Amino acid sequence: MNIWLALQDPNTQWVLMGCVLLGISSGVLGCFAFLRGRSLVGDALAHAALPGVCLVYLLTGSKSIGLFLIGAGVAGLLATYCITAISRHTRIKEDTSLALTLSVFFGVGIVLLTHIQHSASGNQSGLDKFLFGQAASLVFTDVITIMLVAAVLIVITALLFKEFTLLSFDPGFGRGLGFPMGLLDGLLMLMLLMSVVIGLQAVGVVLVAAMLIAPAVTARYWTDKLSKMVLLSGFFGALSGVLGTLISTQQENLPTGPTIVLSATAFFLFSLLFSPRRGVLARMARFLRMRKKVLREDVMQALYERLEEQTKSRPTSVYHGFGAEQLAQKCGKRATAVRKALYDLQKLAFVSEPSRTEVETLWTFTPEGLKEAHRLVLNQRLWDLYHMNQNQYHSLEIDVNQEELAPQLSDATLSLMLAQLNAYDLTPRLSDHHSVSHLLHPSKQGGLSL
Amino acid sequence: MTMTSQKAPLVVKDLTVAYQKKPVLRSVHIEVPEGKLIGIIGPNGAGKSTFIKAVQGLIPIASGETEIYGKPYKQQRKLVGYVPQRESVDWDFPTDALDVVLMGRYGRLGWFRRPGKADRDFALECLSKVGMADYANRQISQLSGGQQQRVFLARALAQEAQLYFMDEPFAGVDAATERAIIQLLNELKQQKKTVLVVHHDLQTVEEYFDWTILLNRRVIAAGPTHEAFTPENLQKTYGGRLHVLGNQVLLTGSAATEEASAQ
Numbered sequence: 001m002n003i004w005l006a007l008q009d010p011n012t013q014w015v016l017m018g019c020v021l022l023g024i025s026s027g028v029l030g031c032f033a034f035l036r037g038r039s040l041v042g043d044a045l046a047h048a049a050l051p052g053v054c055l056v057y058l059l060t061g062s063k064s065i066g067l068f069l070i071g072a073g074v075a076g077l078l079a080t081y082c083i084t085a086i087s088r089h090t091r092i093k094e095d096t097s098l099a100l101t102l103s104v105f106f107g108v109g110i111v112l113l114t115h116i117q118h119s120a121s122g123n124q125s126g127l128d129k130f131l132f133g134q135a136a137s138l139v140f141t142d143v144i145t146i147m148l149v150a151a152v153l154i155v156i157t158a159l160l161f162k163e164f165t166l167l168s169f170d171p172g173f174g175r176g177l178g179f180p181m182g183l184l185d186g187l188l189m190l191m192l193l194m195s196v197v198i199g200l201q202a203v204g205v206v207l208v209a210a211m212l213i214a215p216a217v218t219a220r221y222w223t224d225k226l227s228k229m230v231l232l233s234g235f236f237g238a239l240s241g242v243l244g245t246l247i248s249t250q251q252e253n254l255p256t257g258p259t260i261v262l263s264a265t266a267f268f269l270f271s272l273l274f275s276p277r278r279g280v281l282a283r284m285a286r287f288l289r290m291r292k293k294v295l296r297e298d299v300m301q302a303l304y305e306r307l308e309e310q311t312k313s314r315p316t317s318v319y320h321g322f323g324a325e326q327l328a329q330k331c332g333k334r335a336t337a338v339r340k341a342l343y344d345l346q347k348l349a350f351v352s353e354p355s356r357t358e359v360e361t362l363w364t365f366t367p368e369g370l371k372e373a374h375r376l377v378l379n380q381r382l383w384d385l386y387h388m389n390q391n392q393y394h395s396l397e398i399d400v401n402q403e404e405l406a407p408q409l410s411d412a413t414l415s416l417m418l419a420q421l422n423a424y425d426l427t428p429r430l431s432d433h434h435s436v437s438h439l440l441h442p443s444k445q446g447g448l449s450l
Numbered sequence: 451m452t453m454t455s456q457k458a459p460l461v462v463k464d465l466t467v468a469y470q471k472k473p474v475l476r477s478v479h480i481e482v483p484e485g486k487l488i489g490i491i492g493p494n495g496a497g498k499s500t501f502i503k504a505v506q507g508l509i510p511i512a513s514g515e516t517e518i519y520g521k522p523y524k525q526q527r528k529l530v531g532y533v534p535q536r537e538s539v540d541w542d543f544p545t546d547a548l549d550v551v552l553m554g555r556y557g558r559l560g561w562f563r564r565p566g567k568a569d570r571d572f573a574l575e576c577l578s579k580v581g582m583a584d585y586a587n588r589q590i591s592q593l594s595g596g597q598q599q600r601v602f603l604a605r606a607l608a609q610e611a612q613l614y615f616m617d618e619p620f621a622g623v624d625a626a627t628e629r630a631i632i633q634l635l636n637e638l639k640q641q642k643k644t645v646l647v648v649h650h651d652l653q654t655v656e657e658y659f660d661w662t663i664l665l666n667r668r669v670i671a672a673g674p675t676h677e678a679f680t681p682e683n684l685q686k687t688y689g690g691r692l693h694v695l696g697n698q699v700l701l702t703g704s705a706a707t708e709e710a711s712a713q
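For the protein sequence lines, the chains are A and B, in the order given.
Per our numbering: the first sequence ends with 450, consecutive numbering throughout.
Per our numbering: the second sequence ends with 713, consecutive numbering throughout.
Worth flagging that the hints you see were computed from the coordinates, not collected in a lab.
Bear in mind the structure is a predicted one, so any value in this text is a computation, not a measurement.
Ideal Cβ positions, reconstructed from N, Cα and C, are used throughout, including at glycine.
It cannot be assumed that every hint is accurate.
Below, a list of computed lysine to aspartate or glutamate pairs in the EDC-like style, where the Cα atoms sit at most 16 Å apart [to be verified]:
#	chain 1	residue 1	chain 2	residue 2
1	B	Lys642	B	Glu484
2	B	Lys528	B	Asp624
3	A	Lys330	A	Glu297
4	A	Lys225	B	Glu484
5	B	Lys642	B	Glu682
6	A	Lys225	B	Asp542
Looking from chain B toward chain A, a few residues come up when the C-beta cut is under 8 Å (computed) [stated by the list, open to error]:
#	residue
7	Gln506
8	Gln526
9	Arg527
10	Val530
11	Tyr532
12	Arg536
13	Thr545
14	Asp546
15	Leu548
16	Gln589
Start from the sequences, fold in the hints, and give me the full structure.
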């Protein structure tokens, strides 16, 4: 109810509009900063802006956002210059020079800010809001400036989408095409700086960088396409801007910056966990499924190969199946894991327990299970053969990441490979269950001699 | 076209490149003929990649100039295609194979314009030329190393250039890709295009390239492969590290082993 009332207030509406545009523009630009590996630059620029803003206030005594823009811009450019100059002319690496510049500028900013606070007119200056942001303190002209700058940033990004893509993916190639990559890089920096500056009053120096990065990282979880990522990132940016602003206007003395950042972080955490392809949970589930599948296949293969040995050495003997222990030995896994896989396979009707001795359960294939195991083993051995004779087969277009080899082969090659398997005595022969029916699913007496 | 074919596709005059104080390439003069596959070979750190980057103006140079078909490089950019080393980009970038190939069209599009349907069709055609049409919508991190290399080649094809620079296109690719690349290079040659390839594998030089440039901080030899790719020139390029036995080339540890085997 309270929120509804707040929304009726024209002032809040304006502030919200400003925050939406702010969120969109920083979200969109943040994508390129993030992909260009410039995630920290926004932070450095924001911290560097503080002394610029304070100096402008000290010199002019005005709180116009336009003037602040200029002051923060100059300070930001100086900081950018320092960062690149330090890493270029000394042995200090870029991350160190970034940290150095950031803290020095911020330190100077805090000193100036304290000075302003203690001076005569300082108490009303409201500059302390610049630390953590106070969207409610925005006045109409501020909002207009924010909206104008944000709109310009969005339009430029839309126009230069292709060029910025090149810049963040392959600047060397872009330079080869004749695009001035240095200039574009500088322009991107300048745009980042502008989006940081218009965010200062609403979000604050300390956290404005999060507006750039959090939506971009969040969006990355939901798409593999840059165009979609940029749109999504703008959307997340706008949404967290709105949420943060609304929450902070509801509460006396609750700064906007932290609430915006917290809502952006909430989106990020949600994506980190639940994104269907890149999310932690999806990955974990994929990994566990994979592990289970591999375990099952290994157990099937072990059982198959045991049967194979059996039929080779004693083709006609009576035979009850194999215990989990034996299979575990064969494939080198723990017996408990093998037992679990066997019960899973039993549910799939691939194996059955023909007999149960006092010590353990003996397992063998059902006819379907044997068919499946034959397919598995054949595929496995074809791959082995392929890798063994890679020189012979290197002219084939084989995607080694695919699971099955046979469907990728021509009939001629397949029969060549099968012949080769035969020559190595590796052909899995237990395919037709009639020939080995005495090994399978035997009668209740536990086996039938032929 | 009639005018361009009279001039050499690439003339490099007095090219010197220096990182910090140390010159990496010193006064390179080269003039390459049209419609040839040209291998650039030399030991590690000989400045092979530096050479093709400097020629294209991708890195600052200390001196020198490049002419493409008789005009300064800057005016002829559209005639040049480039395949950088595969490791030079982040393959986890949110884009698919087709979009990467489309980047090859960006130079022709110029500022602000977006690629249209015709460009997409052309990019798809380039992808199918390298046998990757089925992978057009695959995220690029899901491609194997060889497939990524082919995407880079398709991107260069999309540039519709006359002169190509390729930085180790054969490095770390599977045999199928290697053959696909060679086939493509020969097609380019038939279309009278000139291709300069930074190459590592000495065994295949004679098989692949019509022309060879031996490079070790300066040009040791350049010319038709049968003239330039000789044991003496290789010795000069690789120094004691190379051992030549008949038509076979062996890399050995140092000059000492050479003496030992001579005794």
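For each hint, the structure was consulted:
{"no.": "1", "hint": "Lys642(B) / Glu484(B)", "result": "7 Å, holds"}
{"no.": "2", "hint": "Lys528(B) / Asp624(B)", "result": "31 Å, violated"}
{"no.": "3", "hint": "Lys330(A) / Glu297(A)", "result": "13 Å, holds"}
{"no.": "4", "hint": "Lys225(A) / Glu484(B)", "result": "39 Å, violated"}
{"no.": "5", "hint": "Lys642(B) / Glu682(B)", "result": "31 Å, violated"}
{"no.": "6", "hint": "Lys225(A) / Asp542(B)", "result": "11 Å, holds"}
{"no.": "7", "hint": "Gln506", "result": "5 Å, holds"}
{"no.": "8", "hint": "Gln526", "result": "10 Å, violated"}
{"no.": "9", "hint": "Arg527", "result": "4 Å, holds"}
{"no.": "10", "hint": "Val530", "result": "7 Å, holds"}
{"no.": "11", "hint": "Tyr532", "result": "4 Å, holds"}
{"no.": "12", "hint": "Arg536", "result": "11 Å, violated"}
{"no.": "13", "hint": "Thr545", "result": "5 Å, holds"}
{"no.": "14", "hint": "Asp546", "result": "7 Å, holds"}
{"no.": "15", "hint": "Leu548", "result": "11 Å, violated"}
{"no.": "16", "hint": "Gln589", "result": "4 Å, holds"}
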